[in-house]
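Number of protein chains: 2
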Amino acid sequence: MVIVAGGRGSRMKSQLPKQFIEVNGIPLIVHTLRRIRRFHGDIEMTIAMHPDWIAYWNELAMQYDFQAYAVVPGGAERFHSVQAGLELLSAEVVGVHDAVRPLVSIETLQRCFDTAAIQGNAVPVVPVTESLRRIEGGFNRAEARDAYRIVQTPQCFHRRDLLDAYQQGYKPFFTDDASVFEAAGHAIRLVDGNPENIKVTSPQDLMLAEHLLKENPA
Amino acid sequence: MVIVAGGRGSRMKSQLPKQFIEVNGIPLIVHTLRRIRRFHGDIEMTIAMHPDWIAYWNELAMQYDFQAYAVVPGGAERFHSVQAGLELLSAEVVGVHDAVRPLVSIETLQRCFDTAAIQGNAVPVVPVTESLRRIEGGFNRAEARDAYRIVQTPQCFHRRDLLDAYQQGYKPFFTDDASVFEAAGHAIRLVDGNPENIKVTSPQDLMLAEHLLKENPA
Chain R
191 MVIVAGGRGS RMKSQLPKQF IEVNGIPLIV HTLRRIRRFH GDIEMTIAMH
241 PDWIAYWNEL AMQYDFQAYA VVPGGAERFH SVQAGLELLS AEVVGVHDAV
291 RPLVSIETLQ RCFDTAAIQG NAVPVVPVTE SLRRIEGGFN RAEARDAYRI
341 VQTPQCFHRR DLLDAYQQGY KPFFTDDASV FEAAGHAIRL VDGNPENIKV
391 TSPQDLMLAE HLLKENPA
Chain H
191 MVIVAGGRGS RMKSQLPKQF IEVNGIPLIV HTLRRIRRFH GDIEMTIAMH
241 PDWIAYWNEL AMQYDFQAYA VVPGGAERFH SVQAGLELLS AEVVGVHDAV
291 RPLVSIETLQ RCFDTAAIQG NAVPVVPVTE SLRRIEGGFN RAEARDAYRI
341 VQTPQCFHRR DLLDAYQQGY KPFFTDDASV FEAAGHAIRL VDGNPENIKV
391 TSPQDLMLAE HLLKENPA
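Protein sequence lines correspond, in order, to chains R and H. Count along the first sequence starting at 1, add 190, and that's the number in the numbering used here. Count along the second sequence starting at 1, add 190, and that's the number in the numbering used here.
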């Protein structure tokens with residue numbers, strides 16, 4: 191698994207990058223790593239992180255017993271960070287997961303890895319529950335939300351195929367691994383994510399994560 | 191303003207429809223109505239509600255001092271409920287708001303009514319913060335989230351134009367008022383909503399609303 195922890199700490203109006211913000215006394219990334227380790231005790235993991243924060247993480251890794259996982263310095267874009275993290279893995283099926291998604295369920299992890307093992311890849315999604323409008327030029331129009339899914343992580347792949355896909359040049363629309371894999375000619379397999387598996391990016395998300403993690407700790 | 195309170199109480203696994211669930215000791219719909227009354231003390235409102243729940247509401251209306259607002263029995267679809275609620279209004283500019291959106295800000299309400307007064311309509315939206323995929327036939331593909339917006343309420347309109355739009359026959363893709371108004375040939379004006387203005391539909395949403403309403407009571 192590659193854990194993407196690229197946050198540098200601007201959006202939340204806090205000096206600390208999001209992945210290090212404490213929720214119930216424990217940094218978000220620690221919640222996330224514990225959850226993944228609960229899924230599979232000896233899973234292979236690399237953590238991609240901005241170089242400025244690696245020393246900070248090394249302290250935490252000692253404190254929370256995550257020294258076993260290699261840390262790679264993140265690149266200019268998420269794309270380059272994932273690529274660097276991938277190169278250190280050797281498992282046949284690998285996942286890429288956001289450090290700020292501590293609420294991924296064991297069932298979602300299992301579904302993603304199982305499906306990717308058999309079908310080549312798996313991307314967890316949940317339904318869109320609000321009305322959507324699409325902007326085009328100066329206009330906008332209603333869109334049928336049933337035709338859309340919200341994408342989560344972990345996104346799982348056969349490692350060799352994903353590494354091959356990452357040989358393409360970086361393009362701005364590569365916002366996740368599915369978009370990279372798709373641009374390399376593969377069809378994406380969707381599986382059910384879990385609704386609580388939110389990406390913690392706003393103060394509102396933090397508040398929700400705090401409560402969900404109290405009910406269901408990593 | 192038409193308040194749409196059509197919930198009959200299945201999705202949340204509670205007998206009580208969502209709009210009546212207590213948050214910090216007060217039914218959701220009461221939070222919502224208080225917020226709107228704080229925006230404008232003598233705003234005209236009608237409440238569209240399933241006939242089975244009108245007696246229940248009448249008790250609450252007495253308790254919380256909302257007897258002044260007319261209640262109309264909701265129809266088979268949201269479309270028919272809004273139509274019935276609209277017919278009792280006389281203001282030049284009217285809004286339609288979900289009873290389960292207690293966190294609409296005064297600023298959002300102001301923006302919607304002001305813009306609709308000048309431009310004929312206004313629909314509050316917020317950006318999509320997660321990756322989207324679009325399903326087509328057996329396939330799916332990445333979509334640029336920048337091209338999409340999530341739609342909220344209140345959706346505001348010149349009353350006569352909206353009433354005219356509601357003369358169309360009901361169609362299944364009428365999921366909100368903007369879609370009805372658009373199908374009648376109008377271009378929709380988008381304005382900024384506020385991110386906390388969530389539609390409370392899941393236990394997760396309830397938890398979040400509880401905390402946001404503690405910080406910022408109606």
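Note that these hints are calculated values from the structure, not bench results. Wrong hints could be hidden among the right ones.
Claimed, not checked - With a straight-line cut-off of 27 angstroms between C-alpha atoms, the simulated DSS-like cross-links for lysine-lysine are:
id, chain 1, residue 1, chain 2, residue 2
1, R, Lys404, H, Lys389
2, H, Lys404, H, Lys361
3, H, Lys389, H, Lys404
4, H, Lys361, R, Lys389
5, H, Lys404, R, Lys389
6, R, Lys361, R, Lys389
7, R, Lys404, H, Lys361
8, R, Lys389, R, Lys404
- request: Verify the proposed pairing of H/Lys404 with H/Lys361, using a straight-line Cα cut of 27 angstroms.
  value: violated (39 angstroms)
- prompt: Does the alpha-carbon distance linking R/Lys361 and R/Lys389 stay inside the 27 angstroms limit?
  reply: Holds. R/Lys361 to R/Lys389 sits at ~23 angstroms (cutoff 27 angstroms).
message: Between the alpha carbons of R/Lys404 and H/Lys389, is the straight-line distance 27 angstroms or under?
response: Given pair R/Lys404, H/Lys389 holds - Cα atoms ~23 angstroms apart, limit 27 angstroms.
- prompt: Does the alpha-carbon distance linking R/Lys389 and R/Lys404 stay inside the 27 angstroms limit?
  reply: holds (17 angstroms)
message: Run the distance test for R/Lys404 versus H/Lys361: straight-line Cα separation, threshold 27 angstroms.
response: violated (43 angstroms)
task: Would you mind confirming whether the straight-line C-alpha gap from H/Lys361 to R/Lys389 stays at or under 27 angstroms?
output: violated (35 angstroms)
query: Is the hinted pair H/Lys404 and R/Lys389 satisfied, with a Cα-Cα distance of at most 27 angstroms?
result: holds (23 angstroms)
task: Assess, step by step, whether the Cα of H/Lys389 is no farther than 27 angstroms from the Cα of H/Lys404, and give holds or violated.
output: The given pair, whose Cα atoms are some 17 angstroms apart, holds under the 27 angstroms limit.
Hint check: violations occur at hints 2, 4 and 7; the rest are consistent with the structure.
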